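The listed protein sequences derive, respectively, from chains L, C, U and E.
Residues 918 to 1108 in the working numbering are what the first sequence spells out, letter by letter.
Residues 918 to 1108 in the working numbering are what the second sequence spells out, letter by letter.
Residues 918 to 1108 in the working numbering are what the third sequence spells out, letter by letter.
Residues 918 to 1108 in the working numbering are what the fourth sequence spells out, letter by letter.
A hint or two may mislead.
The list cannot tell twin chains apart, which means a pair is met if one copy fits it or any two copies do.
[What the hints assert, rightly or not] In silico lysine-lysine, BS3-like type, Cα no more than 27 Å apart, as pairs:
1. K1039 x K1080
2. K1021 x K1075
3. K1075 x K946
4. K1021 x K972
5. K961 x K1044
6. K961 x K946
7. K946 x K1044
8. K1021 x K946
9. K1075 x K1039
10. K1044 x K972
11. K1075 x K1044
Quick caveat, the hints were computed from the structure, so don't treat them as lab data.
Everything numeric in this text was worked out from a predicted model, so none of it was measured.
There are 4 protein chains.
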Amino acid sequence: MKKFFASIGLFVAFASFSSSLSHGQEASKVQIFDSNITVDQVLKAQTGWCNALLKISSTYASGGINAAKPLAAQVINSAYAYQYGPVAFKPTLASGAQTFRPTKEGALAYFVGNDPNYPSDKGFALKDWRSCSAVNQVIQINGPSATTMGDVFFTDSKGVVTKVDKTWNFVRENDGSIRIMLHHSSLPFGG
Amino acid sequence: MKKFFASIGLFVAFASFSSSLSHGQEASKVQIFDSNITVDQVLKAQTGWCNALLKISSTYASGGINAAKPLAAQVINSAYAYQYGPVAFKPTLASGAQTFRPTKEGALAYFVGNDPNYPSDKGFALKDWRSCSAVNQVIQINGPSATTMGDVFFTDSKGVVTKVDKTWNFVRENDGSIRIMLHHSSLPFGG
Amino acid sequence: MKKFFASIGLFVAFASFSSSLSHGQEASKVQIFDSNITVDQVLKAQTGWCNALLKISSTYASGGINAAKPLAAQVINSAYAYQYGPVAFKPTLASGAQTFRPTKEGALAYFVGNDPNYPSDKGFALKDWRSCSAVNQVIQINGPSATTMGDVFFTDSKGVVTKVDKTWNFVRENDGSIRIMLHHSSLPFGG
Amino acid sequence: MKKFFASIGLFVAFASFSSSLSHGQEASKVQIFDSNITVDQVLKAQTGWCNALLKISSTYASGGINAAKPLAAQVINSAYAYQYGPVAFKPTLASGAQTFRPTKEGALAYFVGNDPNYPSDKGFALKDWRSCSAVNQVIQINGPSATTMGDVFFTDSKGVVTKVDKTWNFVRENDGSIRIMLHHSSLPFGG
């Protein structure tokens, strides 16, 4: 929140002004309101996504689907923007008539399976993932929105690494929460 | 441009105001300035992309690479945002260390090949494409930016259809031009 | 909320595409997510501001400052963006070292006075206003933000009309709430 | 332009990631595209506005209206957004039916007068201004747009200072140019 109420001294703010200042005590400082997302917030949101996936995976290992499913629902509610409209979500392993998951139900089915309406979903987050990391190639900052494109690497309990090409659009709300509006994930071509 | 200088009558603009108006002749109309991208502009940009691809393909068929390459360069210059910064571009058939194409050179190589720096590129636009169409699943409008996610279908001269899952972020500039900031394309999983 | 989940038929969405569609049942409709503010929402926000002012005025007339002050605080909390950062607020009758009111306290003092830290404030909303209406000259729509410039007319119980030149920047949040980020109000020059 | 192609090392970009990186040579750096306006750009735009005003004033003193008018037209063309739509402009000394200047003609008349369609305009920029400086109270950064609110001080050849309360909305285009979308200026209340 510090970012929101930054006060910068006159010396800095007026470095490019030649005039002296003696025109009113109200000018002792300028208040800055910055609603833009930052690269650091984007990186934290990616880490948060990875950590949430690992948490669902470990929760499933210890508590089964009855523990994993509500956790996944909570993660989707807080990390995606489904409550505001259709999210553009193309999961890595989804295909056919259910390639795209514009609804919360479709996202939940992809992550934890066990939904008869999505019979092909095995639950990507139920695998025994041990680490997850993002390597960005491009980050675009557009006000409260940011796009990232790069690879995400998932390592399972046997040390096998799965690499996916992944694009995210994140949006920052005025209360500081970061939500995913777009998520396109695909296996490498020929991989 | 009509969109930019729309003047709407008081009756419309003030439908929700209860007061009568007799307060100044300057109020005869309200000027509207709308910088947002519209769904129609997005659909036109997708059609434009498809048509440009078909044009490069037919130009190659009739004039060879010496005709196709400058056309492709011109298309990339006008349809993508490379002159302003790195574009997030993951082409369908790119992989390995050259999966992502944040530069204009990488985009050109993908579309028309014939670049020793990109030895795997055969030139996607050089194939004998005959039709190209987009089927959107989600469109998100965010001011001057829009995201589309869905499938694009390419049909070649033998009638073979290639389907790709495709995400675009378009941005509209104040002069009305629409540019691609993000382009993530992938073959269907298991397809 | 209807705006958020509009589904438009293929016929409309694909009017500009020449190809026929027989490529997958998932394409029965496109989901639209539109986060932009609309002219209608802007006009409603202006009316809401006027109505809130009249309500504070009538509440003061019937219940005194002890009733008017909490109402004004509530109005400021919901109609301005102070909880997110400094609002750019230059009230009509503020001057000197307290011309600008970047904090909630300064806004409250302006509307209902009775704050020893703002000794010049008489409470603009405590006057016996009977009507309030906006006449816009320019409306600019920039994604979730909108600017309006024009006049606002305040009529008191004696029928005296006060006209002010007024500029607002409104911002729409993803939950649909509209907040004022900028409010510059001034008496007409020479008036 | 440096801002557009910043490459930041992995060490910085991945400070918040725990995993080691050995997954592909393409990850040697991340490309950043940042289209947001910065506080520094805003301050430079304000200085530019002041300097342009002083230049029109001195040009008028040396070359008369025939020199000042084309210069003013050029300044308006490059510093305001009239070519894209109606600008929200309420000049300090404009009033009555010509309080607002949504067109380029109205802005030009305000700055240099000598337009029979705007008989009250004396030409604000034709006065013998010697210095001009802005003292900001609030700056709001919203992606490519920024709002500033504060005072601007104009000093003439006799050393008389005129203070005005001034609000600007600036917008940054992808080519880096900064344009004024909103300009509300007013004499201090009771001042």
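Results for each hint:
In this assembly of identical chains, the alpha carbons of K1039 and K1080 lie at most 27 Å apart whether taken from the same copy (18 Å) or from different copies (24 Å). In this assembly of identical chains, K1021 and K1075 lie within 27 Å of each other by CA distance neither inside one copy nor across copies; the values are 31 Å within and 40 Å between. Neither within a single protomer nor between protomers do K1075 and K946 lie at most 27 Å apart by alpha-carbon distance, with minima of 57 Å and 29 Å respectively. Taking the shortest Cα distances, K1021 and K972 sit within 27 Å of each other inside one copy (19 Å), while across copies they are farther apart (40 Å).
In this assembly of identical chains, K961 and K1044 lie within 27 Å of each other by CA distance solely inside one copy; the values are 23 Å within and 42 Å between copies. Taking CA atoms no more than 27 Å apart as the test, K961 paired with K946 passes between copies only; the shortest distance there is 18 Å, against 31 Å inside one copy. Proximity of K946 to K1044 under the C-alpha cut-off of 27 Å is found in neither arrangement, the shortest distances being 54 Å within a copy and 30 Å between copies. In this assembly of identical chains, K1021 and K946 lie within 27 Å of each other by CA distance solely across copies; the values are 17 Å between and 45 Å within a copy.
In this homomeric assembly, K1075 and K1039 come within 27 Å of each other (Cα to Cα) only inside a single copy, at 19 Å, whereas the closest approach across copies is 37 Å. Proximity of K1044 to K972 under the C-alpha cut-off of 27 Å is restricted to the intra-copy arrangement: shortest distance 11 Å within a copy versus 46 Å between copies. Taking the shortest Cα distances, K1075 and K1044 sit within 27 Å of each other inside one copy (11 Å), while across copies they are farther apart (42 Å).
Checked against the numbered hints listed earlier, the structure breaks hints 2, 3 and 7; every other hint is satisfied.
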